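Residue numbers (the numbering used here), protein chains in the order written: chain A, 1 to 419; chain B, 1 to 884.
Hints listed in this document are in silico derivations from the structure and should not be mistaken for laboratory results.
The structure displayed is predicted, hence computed values, not measured ones.
The reader is advised that the hints may include incorrect statements.
Covered by chain A, according to a simulated footprint, are these stretches of chain B (three or more residues, beta-carbon under 8 angstroms) [to be verified]:
| no. | region |
| --- | --- |
| 1 | 113-121 |
| 2 | 136-147 |
Quick list of the computed label-pair ranges, beta carbon to beta carbon [unchecked claim]:
| no. | chain 1 | residue 1 | chain 2 | residue 2 | range |
| --- | --- | --- | --- | --- | --- |
| 3 | B | Glu239 | A | Asp393 | 17 to 27 angstroms |
| 4 | B | Arg233 | A | Gln356 | 50 to 60 angstroms |
| 5 | A | Glu277 | B | Ala297 | 57 to 67 angstroms |
| 6 | A | Lys359 | B | Glu75 | 53 to 63 angstroms |
| 7 | A | Glu277 | B | Asn217 | 30 to 40 angstroms |
| 8 | B | Asn217 | A | Leu404 | 48 to 58 angstroms |
A few chain A residues that don't get close to chain B, going by computed Cβ distances all over 12 angstroms [to be verified]:
| no. | residue |
| --- | --- |
| 9 | Glu153 |
| 10 | Gly162 |
| 11 | Ser264 |
Ideal placement from N, C-alpha and C gives every residue a C-beta, glycine not left out.
Listed here are the chains, written in short residue letters.
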Amino acid sequence: MRRRLVLVTLLFASFVARPSVPSSFSQTPENAPSPTAETQPTSSETSPAPMSTDEHKLPELLPQEREDAVLVLGELRSAVRLSPDSAKDRLKLAQGLYRIGDLDAALDECRAGLKLEPNNAKAHLQLGITLMAKQDGRAAATALKEAILLDPEMTHAHYSLGSVQYSLGNLTAAIQSYRRALELQPNFPDARYRLALVLKLTNRHQEAARLMEEAAIGGIPQAQYFMGNAYRNGQGVEKNLALAIRWWTTAVEFGQQRGAESLSQLRRQALSPDQPERRRKEAIDAFRQYRDGLWAEYPDAVRNDPNESLGIALLKDSQASDGVTLLFAEAYALGETAHDELARLYESGLDTRLAQFDKRILRCFETTAADGFIPSKKALARIYGKGLGVAPDLQKAKAMLKGLSKQEMKTVLDDIAGR
Amino acid sequence: MLDASRLWRQFLSSSWLQAGAMGLLATLLAFGLWAAAPTTFTALDWTVYDFWLTHRAPIPVSPSLLIVTRDQASEEEFGSGPWDRAILARLLTSAHEAGALTIGMDHRLDHASPAQLGGAASDALLLEAMNSAGPIVVAQSLDSTLASDSMIVGHLLVTTDSDHIARAVPVTATGDSPSVPAFGIALYEAFQQQTSQTKPSLSEESRGSLLVNYVGNGTVNAFPAVPISAVWRAIEHHENDRLTEWFKGRVVVFLPNPVTGGSWLLPTGQTVTGSVAHLHVLNMLLTDNRLCRLGAASRSLMTLLEAWLVAWLLLQFRATISLLFSGTAIAVYGACILLSLVTAHLVLPLALPLTAALLVLVGTTIWSHLTSHQRLMLLEQDMIRLQQEAAAVRETLVLRETRAETLQEDLAVARAAVAQSTGQQEELSRSADVLRSQLTDAQTQEEEARRKLEGLEQQLHSLRAAASAPTAMGDVELDRLKEECRRLNIITQDAGLLRLYRDLKKGAKSQLTVLLLGEPGTGKELFARAVHRLSPRASKTFIAVNMAAISPELFESELFGHTKGSFTGATADRRGYFELANHGTIFLDEIGDLRVDHQSKLLRVLQERSFYRVGATSPTTVDVRIVAATNRDLQRGVSEGWFREDLYFRLTGLVFRLPPLRERTGDVPILADIFVTEIATQMGKPVPNLSNEALRALVEHEWKGNVREFRHCLEQAIALSDGPLLTKESLRLGSASPPSAGRAKPSDILPDPASDAAVLNCLRQYGFDMQATASALGWDRSTVTQRLKGLCFQALVESNGDQAKAALAIAGDPSHLRTVELKLMDYHSHLLSVIEPYATADEALLECKRRFKNLPDRHFRSVEALVRQHVAHKPAQVKRGEAS
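With the hints as extra help, turn the sequences into a complete structure.
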């Protein structure tokens, strides 16, 4: 068991050690995203879809990492020079070469290692992974099957074989491989997520939803996003927009930008006058239920008023860290009280948690204002009108007030002029 | 066999049937040609359609249709190869949110996304987007790795014709799975369902293919399109108004595949992809600009109809007119094709009907030539049949007439009896009524028979006219035949005789026995010689034998030869005519005058071509072509028993009836010219000229002896004439020949029209038709009957009771023999029945006087002779009867 864990860790580290790429559907379990909203990418929720979704694309190493990798590679090459008949050294060199993207050289080293030790399952696995990167699915499948033949309990070989089988269109074989990987290593959220995806594509929605939820709980942001979708569409689970918001929000917190898009879409559904009343009410209720649901996670917090913000309550209760996070969550979920509090905190700041004119608050306002949230529009008009943390821009402020009633516009404009 | 022959006759006489058969044959041939050269024929078939499609005003583009195409900017953004399905998912979702009614996407879900393009996650995103925006119409693929309930699969197949041009798309594609509708049709149906809530069943209705009404030149550029990059920018920047403006209420089709040249060649000369062709289908359906074409059965039917029409026109009309009409029919059909295309968007077949029509054009001409001879023969057979029927009807008529006459006489007798005996008046009046009704019946029947006869004669006349029509010849051919005839000493310019010569020429080449019929002097021997000269035996011997001139005793010896010592006087071996004519032709003239026992001997030669010389023990075999001739009616001979039926059938291999000179009066002037020159030269006289009057008299004269008599007449005239001009008088035609019937009044026939000879002449002239003779003479019919009856009795007395001899004497012409024989027999039997009850001649004569009171006295003498003769024989008969 220990040996297996070491191997998995080693392999994961070797082939998907990529930095966090926002909105990626990458399958790297170790690629843990920032857990909080503070670390949300600055690209806003309208980030483009054609992001790098390359599952087996080689990691783009940071300059520092690249330097380290080159150094390590030099050492590995020296080791191979010193002991050319050592399959282990050659395998390590192959991994190093794979990491920096020299796939052909990595393949050569793998094959050289396999010549020295034909029954080396790891070498076959490395060969399979490298061939996957070379998009040679059939050869990769052969190499991975060879690795499994030599070591049937090699979890990652099963997992990789699942991916290869899927890309070859063998969905049933892919499901089998993922299931085998999960049997060998039940605590493998990424395999669970992959299995859920393939099951979903074969219309086995209930099992897919169950596995997807487990993967989402296991911290896979893509799974969280898909769970949100499943709850929105009622696919495999009972339709529940509040839970959908919850999962999307979690996905956004884990860096999955599609969640932000879905949330934005739902906000527009709640706020757009063009939408049918039933759909609007459905969306508004869902956001309210979501905000109410947040209270359930903090049983100690006292709620006096249905409109009261959990974030404010937690801030008052000296739980500043959670308070700020929840204020953002509530504001994104159209919570007006939390929004107003954030507007206040934008101008005043909150000790070390929130700086004055915090950009995250500004981005939150801009996002929700774009979806049609009136309080955000007003707040932004005030910020731009008064030049709070930004260059004063009255035109922009007035543009923000477009669509509001004359009375509301007058109030805001008076407020700006009263400075 | 009989049925087949009747059917064949019916077929040849019906231009409808022939046209139908020709049309059917041409249609089948046209199909065969199409199968042999499908590319050429397909291209020809679509020529008008392609021309129209390329040169007409372009059809409008539906405002409900929006195409979103991949462009350079989007390729720069998303790559030049296949795209991540997550992009497509977002496009679909945005279009749906912006209010697109129906969405289609030229994308196949036949493969899982590779890891580089998002893998399973992107696939799941696309399926989710399709579920929420659906139903989405996607392109059909062989393998459907991914499937969704909200996905409608549409095939992108295009039907190419044999000339490799894509003009239609199949409505549905069928394979192992249930039938898949066409991409464009599926989109249209989904759109209709959204807008009108009724499901159109275009894909369920039809299993064939749908002609594509292309917009412009048929490429994707003919449609207004929005680039994907612009749509993407609008999505990115939340430009919802723009998206709504583009998509709301429309059929949106995404073309996210890399832009390629396409593989389908259009009639406009452009090459497009299947999806573009289907976009044109979609637009065609949205704008309701559908094109229709006929099914295979209708196309075949059209072809058949056109071919039939052309064939019928060619058969029904003659020469240039028929060609003109056929050409018009083809041109009208061509105009119909164009008109139906322009007005009704209906594509009619071109190649098949055109080919079939041309085949018919050629085929019908050949057919007419091939069957003209057959048709002629059939017409001749018809004529013969009608002649026979006419003869039979004439016989019936004779009997009816006689019966009517007898009844009239009986009536007269009854009336006389009434006058004499008032006591028996009632009884007699009853019998008179009966007789009257019988008379009426007989008269009615006679009238019917007469009408029937008239009808038959009319048919015969029309058949004669028709017989000459189908074989109409051109002037050039006539001249050629005339020249050929001249070389064979046959001098004529009569088209009928030339036609006969043409047929004879064709027949001469065969081995068939030839029978030449015709009156004396019509040139039978000339034609027999022509048969010989035109046959392959021309270089061999031609032997002409006059059968009437051979002594009956020497018949065998003359024809078959004899061996030395076979009879007294046979001092040496002698070869007969048959042997002499070996490898050549033997012409048996006057075959109708052959004795019956000789007929059987001749029959054996005709059958086996072998015979025994007189006195020889071994047979002699010869190879002889036989040409026979007669002026007698052999068919009647067969029916009357004086000619063997089997010999008759042996002889009638090829039968030619030579027309008498009176039927070809056009030849009289030319013959006159030639004969006058010849005769004058022979006599050493200057060649005289014929006056116009003389020539007219020659033309009008009825030449019973035909050319021979004609020549003799001229010889006589030239011999007796001294002047340079032959006048009418010098021809001496007046008393020698009676003028032709119908042109002269009865008073012109003879100085005494009431004389027996004149009446007999008139009767002969009208074929012993009482009615006609009576009207010609201006008499009552019964008077003519009485006169004939008297003549018959007189002839019977003169021939000592030999009815056949008497009949021949009255008939004069053998053609009337049968009629006269019947009448004579009837008169005689009536006479006998009248005198039968009386024992003595005086009593019988008294009764006869009463019965035959209208009979001229000079004829009553004959009656008396006959009665006395009968009574004289009677006691002997009675005595013989008692003794037995």
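Status of the hints after comparison with the structure:
1. 113-121: As far as the region 113-121 of chain B goes, the hint holds, because 9 residues have Cβ atoms under 8 angstroms from chain A.
2. 136-147: With 4 residues in contact (Cβ-Cβ under 8 angstroms with chain A), the coverage given for the region 136-147 of chain B holds.
3. Glu239/B x Asp393/A: 17 to 27 angstroms: For Glu239/B and Asp393/A the Cβ distance comes to about 21 angstroms; the hint holds.
4. Arg233/B x Gln356/A: 50 to 60 angstroms: 35 angstroms Cβ-Cβ, so the 50 to 60 angstroms window is violated.
5. Glu277/A x Ala297/B: 57 to 67 angstroms: 58 angstroms, holds
6. Lys359/A x Glu75/B: 53 to 63 angstroms: Cβ of Lys359/A to Cβ of Glu75/B: about 35 angstroms, so the range 53 to 63 angstroms is violated.
7. Glu277/A x Asn217/B: 30 to 40 angstroms: At roughly 49 angstroms between Cβ atoms, Asn217/B and Glu277/A fall outside 30 to 40 angstroms, so the hint is violated.
8. Asn217/B x Leu404/A: 48 to 58 angstroms: 52 angstroms, holds
9. Glu153: 24 angstroms, holds
10. Gly162: 10 angstroms, violated
11. Ser264: 9 angstroms, violated
The structure fails hints 4, 6, 7, 10 and 11 (numbered hints given earlier, in ascending order).
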